[in-house]
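> Read off the chains here:
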Amino acid sequence: AQSVSQHNHHVILSEAASLELGCNYSYGGTVNLFWYVQYPGQHLQLLLKYFSGDPLVKGIKGFEAEFIKSKFSFNLRKPSVQWSDTAEYFCAVNNQAGTALIFGKGTTLSVSS
Amino acid sequence: GAVVSQHPSRVICKSGTSVKIECRSLDFQATTMFWYRQFPKQSLMLMATSNEGSKATYEQGVEKDKFLINHASLTLSTLTVTSAHPEDSSFYICSALDRTSAAKNIQYFGAGTRLSVL
Chain A
785 AQSVSQHNHH
795 VILSEAASLE
805 LGCNYSYGGT
815 VNLFWYVQYP
825 GQHLQLLLKY
835 FSGDPLVKGI
845 KGFEAEFIKS
855 KFSFNLRKPS
865 VQWSDTAEYF
875 CAVNNQAGTA
885 LIFGKGTTLS
895 VSS
Chain B
25 GAVVSQHPSR
35 VICKSGTSVK
45 IECRSLDFQA
55 TTMFWYRQFP
65 KQSLMLMATS
75 NEGSKATYEQ
85 GVEKDKFLIN
95 HASLTLSTLT
105 VTSAHPEDSS
115 FYICSALDRT
125 SAAKNIQYFG
135 AGTRLSVL
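So the sequences go chain by chain: A and B. Numbered according to our numbering, the first sequence spans residues 785 to 897. Numbered according to our numbering, the second sequence spans residues 25 to 142.
None of these hints come from the bench; they were simulated from the model. You may find that some hints are simply not true.
What the hints assert, rightly or not - Capping the alpha-carbon separation at 27 Å, the derived lysine-lysine pairs in DSS-like fashion look like this:
no.	chain 1	residue 1	chain 2	residue 2
1	B	LYS88	B	LYS38
2	B	LYS90	A	LYS842
3	A	LYS889	A	LYS855
4	A	LYS833	A	LYS855
5	B	LYS128	A	LYS833
6	B	LYS65	A	LYS845
7	A	LYS833	B	LYS38
8	A	LYS855	B	LYS65
9	A	LYS853	B	LYS128
10	B	LYS65	A	LYS889
11	A	LYS845	B	LYS128
12	B	LYS128	A	LYS842
13	B	LYS128	A	LYS889
14	B	LYS88	B	LYS65
Just so we're clear, the structure is a prediction, and the values are computed from it rather than from any experiment.
Construct the entire structure; sequences and hints are all you get.
Set out below in structure tokens:
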């Protein structure tokens, strides 16, 4: 079955620490990969996406993610987190433009100042 | 960017009552809308897909008579939870696409509705 796995349920970091959130997927064929962020009380916002090409993608707010096909992974990274990065992060995948997404369970990031 | 408004953000109701959740695309025509559901500590699960001019397509295991979806116009979709029971308590999120964003594979999400059934 198609699925997305996020390894970390809750990550707690201090400001300026580096961040890496794991995401693995189980999906046949071509995949489109996404990371979304949800700040408290707000809607899901797209951080970055990978469709094809350079497997290292850069998104908003200093985030980046690397698609490693051999590992079926799409980990999210940020060199130095800020208190304002406190939020819920979701990895998602689909295989065709305009279709519904399959989401991971989400990772709660708490950054202390 | 495109904005999707979801209302209400939170609703508490008694068991047996029906609850309607609205999802509006504010500055674009939504040719496709999705309804997701999220249980605590679980992922968002697709409930149904609603395309312009057609009835909603429900995912396996989702009761279409219990979760009524109406894509009333190109800017409004509603999800009605009929005869709600405590097990329907959950977080419901909608997303929307127009033809341009569908081609770009970008969904725009509402802020979600937390339903609590007593």
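> If a hint holds in the structure, say so; if it does not, say that too.
Checked hints:
no.: 1; hint: LYS88(B) x LYS38(B); in the structure: holds (21 Å)
no.: 2; hint: LYS90(B) x LYS842(A); in the structure: violated (42 Å)
no.: 3; hint: LYS889(A) x LYS855(A); in the structure: holds (19 Å)
no.: 4; hint: LYS833(A) x LYS855(A); in the structure: holds (18 Å)
no.: 5; hint: LYS128(B) x LYS833(A); in the structure: holds (11 Å)
no.: 6; hint: LYS65(B) x LYS845(A); in the structure: holds (25 Å)
no.: 7; hint: LYS833(A) x LYS38(B); in the structure: violated (41 Å)
no.: 8; hint: LYS855(A) x LYS65(B); in the structure: holds (25 Å)
no.: 9; hint: LYS853(A) x LYS128(B); in the structure: holds (22 Å)
no.: 10; hint: LYS65(B) x LYS889(A); in the structure: holds (6 Å)
no.: 11; hint: LYS845(A) x LYS128(B); in the structure: holds (21 Å)
no.: 12; hint: LYS128(B) x LYS842(A); in the structure: holds (17 Å)
no.: 13; hint: LYS128(B) x LYS889(A); in the structure: holds (24 Å)
no.: 14; hint: LYS88(B) x LYS65(B); in the structure: holds (25 Å)
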